[in-house]
Amino acid sequence: MATKVFLSTCSDPLDPEDAKISVFDRGFLYGDSVYETMRTAGGHPLELRRHLDRLRRSGDGIGLEIPFSDQQLGDAIARTHAATGNEESYVRLVVTRGSGRVMLDPRHSEDPLLVVIVKPIELPPPEAYERGIAAVIVGITKNLGTSLDPTIKSGNYLNNILALRQAIAAGGDDAIMCNPEGAVSEGATSNVFMVQDGRVLTPSLRTGLLPGITRQAVCELATAAGAPVEETTIMPAQLRAADEVFLTSSVRGIMPVTRLDGQQVGDGHAGPVTRRLHEAYLQYVERAKAEAIALGY
-17 MATKVFLSTC SDPLDPEDAK ISVFDRGFLY GDSVYETMRT AGGHPLELRR HLDRLRRSGD
43 GIGLEIPFSD QQLGDAIART HAATGNEESY VRLVVTRGSG RVMLDPRHSE DPLLVVIVKP
103 IELPPPEAYE RGIAAVIVGI TKNLGTSLDP TIKSGNYLNN ILALRQAIAA GGDDAIMCNP
163 EGAVSEGATS NVFMVQDGRV LTPSLRTGLL PGITRQAVCE LATAAGAPVE ETTIMPAQLR
223 AADEVFLTSS VRGIMPVTRL DGQQVGDGHA GPVTRRLHEA YLQYVERAKA EAIALGY
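Residue numbers in the sequence shown follow our numbering, run continuously in steps of one, and reach 279 at the last position.
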């Protein structure tokens, strides 16, 4: 297993120590970039089409025209994954606005840079999905949507980093953030779901969250199982009183929250609805693997 990096300024995937970008790159200087993270299934990026579509929407949101075609992006991921020799990988795909003069004005930039980082995937052990994690509803709120569109997945992640630091300092594993109006929005790198009396609820897009690819997949799986997810406003007190809470993200999938703000959620283990959705999600990943293998990835 190995880690490899592809740069659009080089022809072949590189070892990490050989992968270098300019100190004048705006992604490095200002976080002026967009990105996606994903996992492979059967050696092929899971939900690649949805990730690339969101990458382009993020680019449009910051006025960055991504000059690389979907074919080029997919090929860069495939070549880099193949160079690692990994059976399955974590993939981070980044497009920066490029390098230029050290000025905030983005007009002084040129040649957007593509960076693809592929490394061995580090999935939580199976028992973690029963034991769950501890989350903390932090005091750091989401950025106002009028300041920074929450649907843009950009390299500017300080809001989330500070939230996660606060959660860790309070003894948690992950942070849950509220919007400026006090409603639950999302996790530091995840979307939030709760179960109450058998109903599955998740914060609506109006709360200012980044709609995750896995969030969408889980909503589709729940609908297929006859239990459609309700998108609504969730206040912290409701989340604390929930029968079950879980987070979703591209790498972890569905992760139960069994302690919230220091208090036990439910019986302190993954709840029955969370377990059923987790099993459905694992089957969805296995189907994707089988399709990728059948297509020769």
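What the hints contain is simulated information worked out from the structure, not anything from laboratory work. There could be a bad hint or two in this list.
[Said to hold, decoys possible] Each computed DSS-like pair below joins lysine-lysine, with the alpha-carbon atoms no more than 27 Å apart:
#1 Lys135 <-> Lys2
#2 Lys101 <-> Lys135
#3 Lys101 <-> Lys2
#4 Lys271 <-> Lys2
[As the list claims (entries may be wrong)] Ranges between beta-carbon positions, derived for each pair:
#5 Glu109 <-> Arg83: 34 to 42 Å
#6 Gly127 <-> Thr(-9): 32 to 40 Å
#7 Glu261 <-> Val84: 45 to 53 Å
#8 Thr(-9) <-> Arg83: 16 to 24 Å
#9 His251 <-> Gly208: 23 to 31 Å
#10 Leu130 <-> Met217: 21 to 29 Å
Yeah, the Cβ is synthetic: ideal placement off N, Cα and C, and Gly gets one too.
Tested hints:
no. : hint                           : result
1   : Lys135 <-> Lys2                : holds (23 Å)
2   : Lys101 <-> Lys135              : holds (21 Å)
3   : Lys101 <-> Lys2                : holds (17 Å)
4   : Lys271 <-> Lys2                : violated (33 Å)
5   : Glu109 <-> Arg83: 34 to 42 Å   : violated (52 Å)
6   : Gly127 <-> Thr(-9): 32 to 40 Å : holds (35 Å)
7   : Glu261 <-> Val84: 45 to 53 Å   : holds (52 Å)
8   : Thr(-9) <-> Arg83: 16 to 24 Å  : holds (19 Å)
9   : His251 <-> Gly208: 23 to 31 Å  : holds (24 Å)
10  : Leu130 <-> Met217: 21 to 29 Å  : holds (23 Å)
Of the hints listed earlier, those the structure fails to meet are numbers 4, 5, in rising order.
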